[in-house]
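Please work from the sequences and hints to get the whole structure.
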Amino acid sequence: MFDKTLAELASGLENGDFSSVELTQAYLDRIHAEDSKYNSYITVTDEIALSQAKAADEARAAGTAGPFTGLPIAQKDIFCTDGVRTSCASKMLDNFIAPYNATVVDKFNTAGAVMLGKTNMDEFAMGSSNESSFYGPSRNPWNTDCVPGGSSGGSAAAVAARLAPAATGTDTGGSIRQPAALCGITGLKPTYGRVSRFGMIAFASSLDQGGPMARTAEDAALMLNVMAGFDPRDSTSMQQAVPDFTADLALPLKGLTIGLPKEYFPDDLSPAIALQVQNAVKEYEALGATVKEVSLPNTALAIPAYYIIAPAEASSNLSRFDGVRYGYRCDEPVNLEDLYKRSRGEGFGPEVQRRIMVGTYALSEGFYDAYYKKAQQIRRLIKQDFVNVLNEVDVIMGPTTPHPAFKLGEKSSDPIAMYMEDIFTIALNLAGLPGMSVPCGQTDGLPVGLQIIGNYFAEQKLLNVAHQFQLATDWHKQTPDGI
Amino acid sequence: MQWEAVIGLEIHAQLSTKSKIFSGASTAFGAEPNTQACAVDLALPGTLPVFNEEALRNAVKFGLAIDAEIGRTSVFDRKNYFYPDLPKGYQTSQLFHPIVGIGHVDITQDDGTTKRVGVTRAHLEEDAGKSLHDEFPGMTGIDLNRAGTPLLEIVSEPDIRSAKEAVAYARNIHSLVTSLGICDGNMAEGSFRCDCNVSIRPKGQEEFGTRTETKNINSFRFIERAIIGEIERQIDVIEDGGRIVQETRLYDANKNETRSMRSKEEANDYRYFPCPDLLPIVIDEEYIEAVRATLPELPDARKARFIEQHGLSSYDAMVLSADRNLAEYFETVATACTDAKLSANWVMGELSKLLNQNDTAITDSPVSADQLGGLLVRIKDDTISGKIAKQVFEVMWSDGGSADEIIDAKGLKQVTDTGAIEGIVDDVIANADKQVAQYQAAEPDKRGKMLGFFMGQVMKASGGKANPGAVTSILKQKLDALCD
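Protein chains in written order, with our numbering: chain X, -13 to 469; chain Y, 966 to 1449.
Derived by calculation from the structure, the hints in this document are not laboratory data. The structure presented is a predicted model; accordingly, all values stated were derived computationally and were not measured. Keep in mind that a hint or two might mislead.
[Unchecked claim] Subject to a maximum C-alpha distance of 25 Å in a straight line, what follows is the list of computed SDA-like cross-link-like pairs (lysine to any residue):
1) X:K327 <-> Y:L1243
2) X:K359 <-> Y:T1057
3) X:K93 <-> Y:K1044
4) X:K359 <-> Y:P1245
5) Y:K1443 <-> Y:G1388
6) Y:K1095 <-> X:K359
7) X:K360 <-> Y:K1044
8) X:K327 <-> Y:N1233
[Stated by the list, open to error] Going by beta-carbon spacing under 8 Å, a handful of chain Y positions derived as facing chain X:
9) A1004
10) P1014
11) V1015
12) F1047
13) Y1055
14) I1107
15) L1243
16) K1375
17) K1378
Built from N, CA and C at the ideal position, the CB exists for glycine as well.
Written out as structure tokens, the structure is:
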């Protein structure tokens, strides 16, 4: 049962092979038995899951079941859930229970999904390794000495360890694609504005985007069918028609043009990763695609621009955590300044504090033009690079990450090395484009991810391209040892 | 040394939208603390702002009324600072691209001439909540009902040169926003408040002096006093060899003085940047023209019409046109009694006197325009005298009722019967030998002035009901007969 994809589970439920309650109970039992190895969940919501499963079974009996009814998933602990703690993996919100659901959570509820629990992540989604979580790091099921990536590391680990058939993630600079790559699963960051941000705790508002993390492209399409759509509560969500994202999965790839940016294959790229990605590209050629070298000349500027814009927005977004109305408050504050300093100093971890300081500095009087404004100019250049290339090719491909999963602690004392892990993913968030990571090989027993980038709102095309690859290969079916 | 003051005002007008600028919570004043603050207003994590387009329409109306450039693309920025009544840790405002650009208003000065005052900009922003210090000893209470209330901040050019001009400008803006119906103008409730930037310079000098900003003044009288006090303070400091420090000051109405709140050195670096949660507001010509079509008559146009149509003096027309509600009241009265001048006198006189004494807004007047109109009709048709009318008006104010009901109930109908008046006049003359003798002794052209005593006696004897016109002519006739 744990090997089944969402699509397979959906037909199992439909055929009456098992009930949603049986399925849900099995997953809950497995989480309680196994998750101590991976620490992929912060909160497991047994009661809610079982009552949702029961309702789903009743709906099916009543003939009102939809395609997602009764399917269990996990929610990244950044999506607010009415009545269930939403911690963002921070001490700051360890006691926070939202009185509302994120739109994404509402949509899964409406679709009849079952929530197994809330997954681990980097604190406030700031990190590429899951090591900044207040609840301890999540571990990579392929090698528990390694990180699962981040920030949606708990979601990736849970799906890879078969502790959830699929999970939600959010991606501000690679936080869906990078952990998907490191854990050997399929992750999709939709076009900015495709999925509502309401109730998704903000890191960097102009970059954050929720999306699916699943075993297959088909499952990601099923997830996105639920998640996508304009939301009047999010002014930046787009009034864009929502297609059936599974509709084009079967289209053949004959005539597809793939752009390979030379900047995505630098000299210091891990040779093993380069090889796996090149093999994947050959597979696409075998499927009828043509390949073209292209250039994204401003790629090198993406990380510096991102590390101005994202911290700048974060420094402002995280100002609301002040110990006044909710969340962590220091003991016995002597005055207002003490309340602020200690509540924030004690409630936020070091990486969050680092980014708040960087962002505050970048926005300071006298530095705004040199940093924030300049970064926004670079952002436009980066976007233009992609627009130019996507005028010539259907999709852009390259490695999702420069390295496979690294060891816990390996980069945690070197923020710059950690930031460089996102070199191939970050530019996409600056441009607002959709991108996927699909498993395309392994090196030393660790998965390698292929990144596929498409044009604005071309998620259908991306899913089609990924699905056809998964029909031809079985990297996505690989399971870590012992699972 | 002759000093000249340079003054600029920043006025915060609370826009009278039903819900807040970025949330669906109500903006009504006076609710229990924190009952009108939703998850967005409390800045709970994950919540997002959604712009209330009614606030945009209001701002555009104001821009059109001051003949300003309307920002085709305006952008919300975040002004970042920590304060307990600022839940998000930033105020959403418009720094770089405001909705209303450069415009102007014309103020009437004491000598009757007009002066043009530039408006630099007007931008939309959200109000903060309130910190309550008195109710909780040793602690601070936070009421977030006001957080997120839409404000239009109207910034003038430093074109103002005296406290009087500042008040005239503030009154003009007040009159505009209330006439447009975009702000209730209630200063006591904080719907209209003013920050005054004041500096002084030697007369004739081009360069500005260092300015101070006195914040949150909520009455016209206080604006005037605060500015006068601040100008005097600055002159004293400079003439004593000191220098003015750029700082924020508070006006203390009880002590009638301003005092320092914080200096520029302690001031926040607000780290403004465009709010990534809100899209730029893009509006086109069509939208602007549609808003223009909904503009009501504005005070200047109304003043001109009052002079033209009702034959009012420039002064009366200005007073009555400034406030839309007052103007409407006046016109209702004038229509009812068909005498604009009489109506103007009563509205600006008796009515305004009682409104001021009771601190009552025209919209809450216990005497309606129709009631007052009915009263003035009875003056016009000689049913009662103007003096009796004042009595009727006071009854109307305190107990209600129409003019006719009160006149009947109190028996105040005027005596116009000549026979009855003649009888009273004869009695008065018979009992005033001394005054009659003086009258007889007076030069004929001085006698008119001496009628007053007899008038008073007759009116007193008639209980004020005798028709004054009839009394005058009968008195004159009878007294003059005694002189021949």
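Notebook entry, point to check: Which earlier hints turn out false for this structure, listed by number in ascending order?
Noted result: 1, 3, 6, 16, 17
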